[in-house]
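Put together the whole structure using the sequences plus the hints.
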Amino acid sequence: MLFFEPFSIFLTDLNKRLVFLVGLTGIFLLLMMLVYVILSHFLARSGSPIKESILSSYVSGFILLVLSSISVTFYLRYVGMADMSFFTFFKILVISLVPPVAISLHDTIQNLKAHNADLIISREKERKQIEKYEEDLLSRMIDLESEGGRDSIKVVVSNIIYVVSADNYVEIVFKKDEHFEKKLLRNTLKNLQLLLSPYSNFIRCHRTCLVNIHYIDQLRKNYNNYWISLKGTDQKLPVSRQYLLKVREVV
Numbered sequence: 001m002l003f004f005e006p007f008s009i010f011l012t013d014l015n016k017r018l019v020f021l022v023g024l025t026g027i028f029l030l031l032m033m034l035v036y037v038i039l040s041h042f043l044a045r046s047g048s049p050i051k052e053s054i055l056s057s058y059v060s061g062f063i064l065l066v067l068s069s070i071s072v073t074f075y076l077r078y079v080g081m082a083d084m085s086f087f088t089f090f091k092i093l094v095i096s097l098v099p100p101v102a103i104s105l106h107d108t109i110q111n112l113k114a115h116n117a118d119l120i121i122s123r124e125k126e127r128k129q130i131e132k133y134e135e136d137l138l139s140r141m142i143d144l145e146s147e148g149g150r151d152s153i154k155v156v157v158s159n160i161i162y163v164v165s166a167d168n169y170v171e172i173v174f175k176k177d178e179h180f181e182k183k184l185l186r187n188t189l190k191n192l193q194l195l196l197s198p199y200s201n202f203i204r205c206h207r208t209c210l211v212n213i214h215y216i217d218q219l220r221k222n223y224n225n226y227w228i229s230l231k232g233t234d235q236k237l238p239v240s241r242q243y244l245l246k247v248r249e250v251v
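Under the numbering used here, the residue at position 212 of the sequence shown is numbered 212, and the numbers go up by one with no gaps.
You may find that some hints are simply not true.
Here are the simulated lysine-lysine pairs, DSSO-like style, with alpha carbons at most 27 Å apart [what the hints assert, rightly or not]:
1. K113 x K182
2. K176 x K154
3. K132 x K154
Label pairs and their calculated CB-CB ranges [as the list claims (entries may be wrong)]:
4. L195 x H106: 35 to 43 Å
5. L194 x N225: 23 to 31 Å
6. D177 x H115: 43 to 51 Å
7. Y223 x L119: 43 to 51 Å
8. I130 x S152: 16 to 24 Å
9. S240 x I142: 20 to 28 Å
10. H115 x G149: 27 to 35 Å
11. S229 x L195: 53 to 61 Å
12. A166 x Y133: 29 to 37 Å
Hints are computed from structural coordinates only; laboratory data are not their basis. Just so you know, even glycine gets a beta-carbon here, dropped at the ideal spot from N, CA and C.
Written out as structure tokens, the structure is:
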């Protein structure tokens, strides 16, 4: 304000002009404290919901604008001895808009930060619930039977490593007592995939293979062929281009 001199102030001494501007700044600070600190504290103690009271962002900004305009007008007229005109009052109004707009932007940013923090906390709670649900689900025993029910195997879902199709049979590789074991059943890969479909940790990597994503180590490429290595074993499973994108999403 000292540089642009928006008002014609009859103060020739530079120190007096600086003191005058300090007083003008003090008016804005005092009014901001009055509207946003004292009244908000009073309403908070009275139990009124601030967001739904007259101290909402727009209403409190309007109150600050009116009080600032009136206070600055009297201050300029009787302290700065400035000539009052419609254009002068318009400039006062524009300058008085700065504090409520700045505070409104600050409140909006703070509300967005608080809302974002609430969303992060909520998402974290949901993630933990999902993980707990999946952990409980994967710890269940599942009964895998051959067609006709002549042969079967009971195994914990999370211990199934992969299933490979072999003509009219499927080879089930699973973990038992820290060792990998195999079981051959007369069934189709399609039937087993349907049986394991409620469990999200199984994906198809090839028309002949169904794999547990928790045992996938790396996706590798050799010329134009893709394959995946498994944790704890030298076994390699082929990856066809049809299922390549899905494998990449989980690796």
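Can you let me know if the beta-carbon spacing of D177 and H115 is within 43 to 51 Å?
50 Å, holds
Lying within 20 to 28 Å: is that true of the beta-carbon distance S240 to I142?
26 Å, holds
Can you tell me whether the CB distance of L194 to N225 sits inside 23 to 31 Å?
28 Å, holds
53 to 61 Å was suggested as the range; check whether the CB atoms of S229 and L195 agree with it.
Between S229 and L195, where Cβ atoms are some 26 Å apart, the hint is violated.
Outcome of range test on Cβ distance (A166, Y133; 29 to 37 Å)
Hint holds: Cβ distance 34 Å, inside 29 to 37 Å.
Taking the CB of H115 and the CB of G149, does the distance hold inside 27 to 35 Å?
55 Å, violated
Taking the CB of L195 and the CB of H106, does the distance hold inside 35 to 43 Å?
Taking Cβ atoms as reference, L195 and H106 lie about 57 Å apart, which means the hint is violated.
Note whether the CB distance of Y223 and L119 lies within 43 to 51 Å or breaks it.
46 Å, holds
Taking only the CA atoms, is the gap from K176 to K154 under or equal to 27 Å?
11 Å, holds
Taken at face value, is the distance from the CA of K182 to the CA of K113 at most 27 Å?
53 Å, violated
Hint consistency between K132 and K154 [alpha-carbon to alpha-carbon, up to 27 Å]
Answer holds: K132 to K154 is near 23 Å, not above 27 Å.
Taking the CB of I130 and the CB of S152, does the distance hold inside 16 to 24 Å?
At 30 Å between Cβs, range violated.
In summary, the numbered hints that this structure violates are 1, 4, 8, 10 and 11.
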